[in-house]
Amino acid sequence: MENVRILFIDDETAFLDTIIKRMKKRGFDPDRASNGKDGLAILEKKPIDVVVSDIRMPGMDGIEVLCEVKKRYPTTEVILLTGHATSQDGVAGIKEGAFDYLSKPIEFDHLVSKIRQAFDKILRNEEKKGEAKFRVKMEQQMIATKRLASLGTLAAGVAHEINNPLAIINESAGWMKLILEKKELADIPRRADFEMALNKIDNAVNRARIITHQLLGIVRKDNAILSEVNAREFLDEIIQMAGVEIKNKDIEIIKRIDDTLTTVWIDPHQVRQVLINLVTNAVHATAAGGKIFLTLEESGEDILFIIKDTGEGIPRENLEKIFEPFFTTKSPGNGTGLGLFIIRGIIEKLGGKIDVDSRVGVGTSFCITFPKRLKLKTNL
Amino acid sequence: MIKIPARILVVDDEVDFAEMLSLRLKEVGEIVISVHNGQDCLKTLEEKDNIDVVILDIKMPGMDGIEVLKEIKKKFPLMEVIMLTGHGSTETAVEGMKLGAYDYLMKPADFSDLAAKLEGARKRKDEHQERIRMAELKLLLRKTGGM
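Chains as they are written, first to last, in the numbering used here: chain L, 1 to 380; chain Z, 1 to 147.
The hints are simulated quantities; they were obtained by calculation from the structure and are not laboratory data.
Any given hint could turn out to be false.
Stated by the list, open to error - Taking lysine to aspartate or glutamate and the DMTMM-like style, the derived pairs with C-alpha atoms no more than 25 Å apart in a straight line are:
#1 Z/Lys-117 with L/Asp-202
#2 L/Lys-200 with Z/Glu-19
#3 L/Lys-177 with Z/Glu-95
#4 L/Lys-183 with Z/Glu-27
#5 L/Lys-349 with Z/Glu-91
#6 L/Lys-182 with Z/Glu-19
#7 L/Lys-182 with Z/Asp-110
#8 L/Lys-182 with Z/Glu-27
#9 L/Lys-177 with Z/Glu-130
#10 L/Lys-183 with Z/Glu-19
#11 L/Lys-182 with Z/Glu-130
#12 L/Lys-177 with Z/Asp-16
#13 L/Lys-177 with Z/Glu-91
#14 Z/Lys-70 with Z/Glu-130
#15 Z/Lys-26 with L/Glu-184
#16 L/Lys-182 with Z/Asp-113
#17 L/Lys-291 with L/Glu-195
#18 Z/Lys-26 with L/Glu-195
#19 L/Lys-349 with Z/Glu-95
#20 Z/Lys-59 with L/Glu-161
#21 L/Lys-200 with Z/Asp-113
#22 Z/Lys-26 with Z/Asp-16
#23 L/Lys-249 with L/Glu-312
#24 Z/Lys-26 with L/Asp-187
#25 L/Lys-200 with Z/Asp-110
#26 Z/Lys-3 with L/Glu-184
#27 L/Lys-177 with Z/Glu-30
#28 L/Lys-183 with Z/Glu-130
#29 L/Lys-45 with L/Glu-64
Starting from the given sequences, assemble the full structure and let the hints guide the process.
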C-alpha cells in the first residue's frame, strides 16, 4: 500500500464512491468526507498529506476548505477539483496556496500522478527542513568550537600576563612575612592584623595561581606518553589519591574491572589527572554513606572508564553546559569551572571522548572511551 | 650550623619582580644581584666570578632566556641556571633543561620550591667544582711525581 495519506472531500457521493474504489485498487487507502466541515474534522483527528477537494460544494466551498487547511496544517497539500469548464476557480485556489487544480471529468491517472507530485513536494520540503536544521546545528557547533579555540588562546595569553604581576604580589607578601618574623619586630602593634592580611594575600595568590595555571594548561601541547599500565593497580592508585575525602564522608568506592583487562595502554599521567578529578567531583556530589562505582571495561575496539555516583545528579538544563569553561555551580573560591573543560580537552587530545549521563536525585555517570588501537600505535 | 649564603643573580625584565624576589632572598640570608636583561646578565657574570646560581626569566625582550642560557653555558659551563617561566608551555622550559639548565619554575613560584631548587643547583655546582679540583690535584701530583 502506498503510504500517502489522502483525504477526498466531495458532495457527489457517486463520484467519491468510484474514486475511492479505484484508489484502493491502486493500493491507496484514502479517507473521505462529503463536505468541508466533515473533512476538517477528519484532519483534526489524523494527519493527512494530500487533500483532494471539490470546489463547488454547499456550505463551505473548496476554496474555504483550502484556506482553513493551509492555515491549520501548512505542510498539507491541497488539490482542487473543479466541475466546470472554467479555470477561474482553480486559479483562485492556486493563489490561495493550492498545489494544483484538475477539471472534472478528471482522468484518473492524471489525478494519481498529481497526488504523487504533491506528496513529493512534501517530502522535499521535509528534507530541506531537516537539512536546514542540520546546517544550523553544524554551524552552531563550529561557532562554539571556534569560540572555544580562540577563548583558549586568549585565556592563555591573559593568564601569562597575569602571572607576572601575581608573582610580584607573591614575592612582596612573602618578603613582608619574612620581615614580620624578625626578632626586632616581635612586639609591633597589631601584629596579628598584619599576619592575617598577609595570609589572605597568600591564599588569594594561590587561588589565582591555580586558575592561571589551569588556563595555561588548556593550550599546553604536551604529547601523550603511552605506557602499559596494570589496570587494577592503576585504579587502586586513583582511589588512594582521592582517599582522604572518601574516608571523611564514609563513601564506599566499588571497583569493577573486566577480567580480560589486566593491562591497558594509556598515558597514565594524564588519565590519572582526569580520573582523580572526576572521582573527586563524584565525592563532592555524593552524600555521606553513598556509593561511587569505578569501572574499567572492554567494549569492542574501545576501553571504557566509567565513574558513576549516587549523588544529587545534574539538572538537564546544566548537562549541556558542564563542559563549557567557567561553568560552575560551586561558590567562589571552591571551583573555577575549568575542571571538566580541561578534562575534555585532555581526553580529546589523547584520542578519546567523554559522555555524561545524569538523573537528578539518582546520580551521574561519566564514561570515558579510549580506543584500544593505541596499543598498536605504540607497538609499531 | 651557619648557612653559607648563596650568591644569586636574578635576571628578569619585570623590574618589580626582580626587586621583590631579591629582597626576599636577601631576607633569608642570600647574596643577590639583580639585572633586567640578557646582556647585563652576561656582563655581570664576566665581572664577578663568584656567582653560584642564575635565576633566569625565559620571556624577555631582546635576548630571551634561552639565548642567554646558551651563552652562559658556552662561557661559564659550570654555572647553574634555574629558568623562570610565566608561560604554561613546559616545552621551552624543557628545552632549557636540555641546554643544561638545572630546573625550571612557573611564576608565581612557591618560595619553598625555589629555595629547594636553589639549594640543589648550588650543590650540583659545588660537586662539579670539587670533581674538577680533585682532577686538577691528581694531575698536579702526577706531574710533580708525588703519586
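Review point. Does the alpha-carbon distance linking Z/Lys-26 and L/Glu-184 stay inside the 25 Å limit?
Key: 17 Å, holds
Point to revise | Pair hint outcome, L/Lys-182 versus Z/Glu-19 [Cα-Cα no greater than 25 Å] | key: With a Cα-Cα distance of about 20 Å, the restraint between L/Lys-182 and Z/Glu-19 holds, given a limit of 25 Å.
Practice item. Assess, step by step, whether the Cα of L/Lys-45 is no farther than 25 Å from the Cα of L/Glu-64, and give holds or violated. Key: 19 Å, holds
Check your understanding: Regarding the pair L/Lys-182 and Z/Glu-27, is the alpha-carbon distance no greater than 25 Å?
Key -> 10 Å, holds
Point to revise | Pairwise hint evaluation, Z/Glu-95 against L/Lys-177, where the allowed Cα distance is 25 Å at most | key: 35 Å, violated
Exercise for review: Please work out if Z/Lys-70 and Z/Glu-130 have their alpha carbons no farther apart than 25 Å.
Suggested key: 24 Å, holds
Point to revise | Restraint check for Z/Lys-26 with L/Asp-187, where alpha carbons must lie at most 25 Å apart | key: 23 Å, holds
Check your understanding: Hey, L/Lys-177 versus Z/Glu-91, does the alpha-carbon distance stay inside 25 Å?
Key -> 34 Å, violated
Check your understanding: Going straight from one Cα to the other, do L/Lys-183 and Z/Glu-130 come out at no more than 25 Å?
Key -> Outside the cut-off at roughly 37 Å; violated.
Review point. CA of L/Lys-183 to CA of Z/Glu-27, is that 25 Å or under?
Key: At roughly 13 Å apart (the allowed maximum being 25 Å), Z/Glu-27 and L/Lys-183 satisfy the hint.
Review point. If you draw a straight line from the CA of L/Lys-200 to the CA of Z/Asp-113, is it 25 Å or shorter?
Key: Given that 25 Å is the threshold and the Cα spacing comes to 20 Å, the pair holds.
Review point. Hey, Z/Lys-117 versus L/Asp-202, does the alpha-carbon distance stay inside 25 Å?
Key: 21 Å, holds
Consistency with the previously given hints fails for numbers 3, 9, 11, 13, 17 and 28, ordered from lowest to highest.
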